[in-house]
Amino acid sequence: MAKTITLTVNGQSYSGEAESRTLLTHFLRDTLRLTGTHMGCVVGRCGACTVMWNGRAVKSCMVFAVQADGDEIVTVEGLAQDKRLHPLQEAFWKNDAVECGYCTPGMLMSAYGLLSKGDKPTDEQIKKAISGNLCRCTGYGNIVTAIKEAAANFTK
Amino acid sequence: MDFPINAPIGERVRRKETQRFITGTGRYVDDLLPAGTLHVSFVRSSCAHAKIKSIDVEAARSMPGVRAVFTGKEIAQQVKPLRVGGSSVLRPVKLYPLAVEKVRYFGEPLAAVVADNRYLAEDAAEAVQVEYELLPAVIDPEAAMEPSAPPVHEDAGSNIVYKYHFATDGIDKVFQDAEVVIKERIRSHRITACPIEPRAYLAQYNKEEDSLTMWSATANPHSLRGRIADMLNFPEGKIRVIAPDVGGSFGVKIQTYQEELLLPYLSRELSRPIKWCETRVEHMRNGRHGRDQIHYIELALKKDGTMLGIRDKIIADMGSTYTVDHSIQAAALYMTGVYQIQNYAVDAFGISTNKTTHGSLRGIGKADASYILERLVDIAARELKLDPIDIRMKNFIPADAFPYRNATGALYDSGQYHLAMKRTAEIAGYEQLRKEQTELRKKGIYRGIGVALVMEPTSSSRIHATGGYASCRLRVDPSGAATVFSSMGEQGQGHETTIAQIVASQTGIPFDKITVIHGDTLPTPYGFGTGSSRSSVVLMPSAWVAGKLLRDKILGIGGRLLSVAPDRLEIGDGKVFAKENKEKSVAVMEIVRTAYGAIHLLPENMEPGLEVTGYFINPNIDYTPDDKGRMNTFSSYPYAAVVAVVDVDVETGMIKIVRYCTVHDCGNMINPQIVDTQQQGSIMQGIGAALYEELRYSEDGQLMSSTFMDYRLPSVEEVPEMALEHIITPNPFTPLGAKGAGETGMLGPPPALCSAVEDALSPLGVKIRETPLTPDRVLDLIEKAQANRAHG
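Respectively, the protein sequence lines represent chains A and B. For the first sequence, the positions run 1 to 156 when the numbering used here is used. For the second sequence, the positions run 1 to 792 when the numbering used here is used.
These are calculated hints, taken from the structure and not from any lab test. Keep in mind that this is a model prediction, so the values were computed, not measured. Be careful, since some hints might not be right.
On the chain A side, residues computed to face chain B include the following (Cβ under 7 Å) [unchecked claim]:
id	residue
1	Trp53
2	Val76
3	Ala80
4	Pro87
By construction, the Cβ of each residue, glycine as well, lies at the ideal position given by its N, Cα and C atoms.
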């Protein structure tokens, strides 16, 4: 059964029809056409679909769209402000933390979730924050370096 | 060949393509949704080997949102089968988009449901009823070779679908006379590539134009276009295949798949855009699998460790064989690896089984060869009580022997194996590690030191398969900006950056003003897929050739305008100027305007415009064997030395990689940053292959590892401390001096980590012949070794 839901995504209000079984990832991608959030496994293992849901990084394939009705979502499209890249994006670019780009939005959002907590994270905290995000291209090293560098430049 | 390395070649330029990936504006197939798109879901075989008795689609047809249901039988009447194989060695089999009379592997598509969205399509696919008559599943490749084994392909006449034999003269005598012969059975286990983006296809038939556009997450757009044309009997020129951003391939997306061929047909039938995005479970079951070779291998040596000869029998599990797959030959030609061994014999067999089809995977065939050879060398060292580095140093091909022809005729371009091994041992502190190991053993810590030197033949040339060439078309438009149309697609390799670096270095056109277009058959010149690390060996040189042709043209026009001979001119700062007198100059923009608009000022016989096409052909390739069966099919031979240090917990079987040290040589690097990142990712993929990842089949042919829960990719938690260095021995046969750079990293961990773990557990007498080294396997090996000792 379809229901109209309203979400605030990247500061903008959106409404759309969602069935009770529609995954949040599919709602963002197919209904709102925000395709930056990716889908790699649909069972919560790869992390490519990670978004911020009410201030927490979550895997959006593990959330039904109707569960997020009335809630606040931030996706990778919402990271850059006024066409200025977020320090995480700058650091990913500078440190070559990207190859094919498919896992990148999820990596960025998991890292964003970590940095949003405010404290300067340790290496262990960085690893823990992205331990649910799989990358097959880069071998993770540059990603960890990038997050560390961004953490130094990040103001909430 | 003399090549001027002008900036920005060799610089760590940050990648152009990264900008769209970090902002969520990349464009992958699943991001596309033309108006009116319908979605497909496939009904897949629930058994490995069975006759299809009946398929009942009536219930599915009447479900909500369902537009059509197709079965294999219906499709087979409408399309031509793709004939796979058919060379002198591989018997051809027919491939239809959906299974027709029988299914040959668990998960094979046998019917397709088209519906308004993916949810409805999946619902209806579940309602399709299939009745099977079970056939015995052929799972063990060795049993499948028996004449009495049930046939996977009746047409092929036997499950042995590929045979290769090679032997140097007098090989048996070498073994008869040898002081020591080591004999082993070693298996490389079945794994798969697992790009994070699964496969995805979107076909759009345009009725008015009678044309087809196919968006595919493919690494091989031009070949795919030809196959669609062939199967549908549709004019090739009216098909456009576009590989937009592709989320990784590692070989798995270079093949043509059943689903990929069906979508264009469905779109034409229904006159609607048709889309399919694979789930991860489908990808594990249907994406090509790799490795899985059994080697019965023997090494003849002198007592002092001098290697004399190798004899090998290879049994390769090709799965259901719906592909042309050269993994076996890629292994068989390189079993002597990096050692001076000129006596060699091999009998290789490719076997059909009821598993998912085997295919390309980063390091195809060559990874099996280097793993099994390095394993064997370790076993020989232990037997002869030699240090694993010493036995290697004693037998490496020396630097002054290059170009070196191995026993099978392969021509290695260049290398410094002794130097690479020596330097790796230095970085690792090898001597010190051995001392520490002795101390740690006294404390009950099982530390192991593993050694390997792996070599990766790259840039293959096979007739009608990989082509052996690449091309780039380069156009400077009247505004002075350049566009390069590359014949090869990319799936994360960074071609948009490296090609622009090369063209900028040649032509003086600023890096930022160069756009690279790839993966679209309409504007790009014909070419073969991105595989075998070919990009740096043939594609980048083709960009260099295009850049040089354009440079020559710019200098030619400049020469005419300045009345100076072109060879006395130079390009720089947006100008063409005389080398002797920089004041004598003309702006490059003036030359561009002349080329397009004032052609009466062009040198005699020069064509108008600024558009050139550069081709580059793989050097040193043999297309037919010599009278002794020898030939070279690869153009460059990068390699890496590894010293890996591990601690093994004998209570839990857990392996901790303490440090992974490697020295890599891929010749000149166009962008060392891109090489480093690729190398790190490649090493992690190799660690996954060695320790965690395995495709396991049950006896009746069910795939037991179909999700990321039971097929474990390495995460950030598994990244060890790494020390990564390069030495540079340029490939003397290509203008850039570059070798392949994408695969060597993956080859190192399996032999190096097995070597390290066996070394760690040597006090217990553990022998490693099977992988991956999961905790349960390690515990099992320890138990077996202890049992052996008890009986021993």
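Exercise for the section: Grab the minimum C-beta distance from Trp53 of chain A to chain B and call the hint holds if it beats 7 Å, violated otherwise. Expected result: Where the cut-off is 7 Å and the nearest Cβ of chain B is about 17 Å from Trp53 of chain A, the hint is violated.
Practice task
Mind checking the CB of Ala80 of chain A against every CB in chain B and telling me if the closest is under 7 Å?
Solution key: holds (6 Å)
Problem - Hint check, Pro87 of chain A versus chain B [nearest Cβ-Cβ separation less than 7 Å] - result: Interface hint status for Pro87 of chain A: violated (11 Å vs cutoff 7 Å).
Practice task
Closer than 7 Å between Cβ atoms is the bar; does Val76 of chain A clear it against chain B? Give me holds or violated.
Solution key: Constraint on Val76 of chain A satisfied, holds at 4 Å.
Consistency note: the structure conflicts with the earlier hints numbered 1 and 4.
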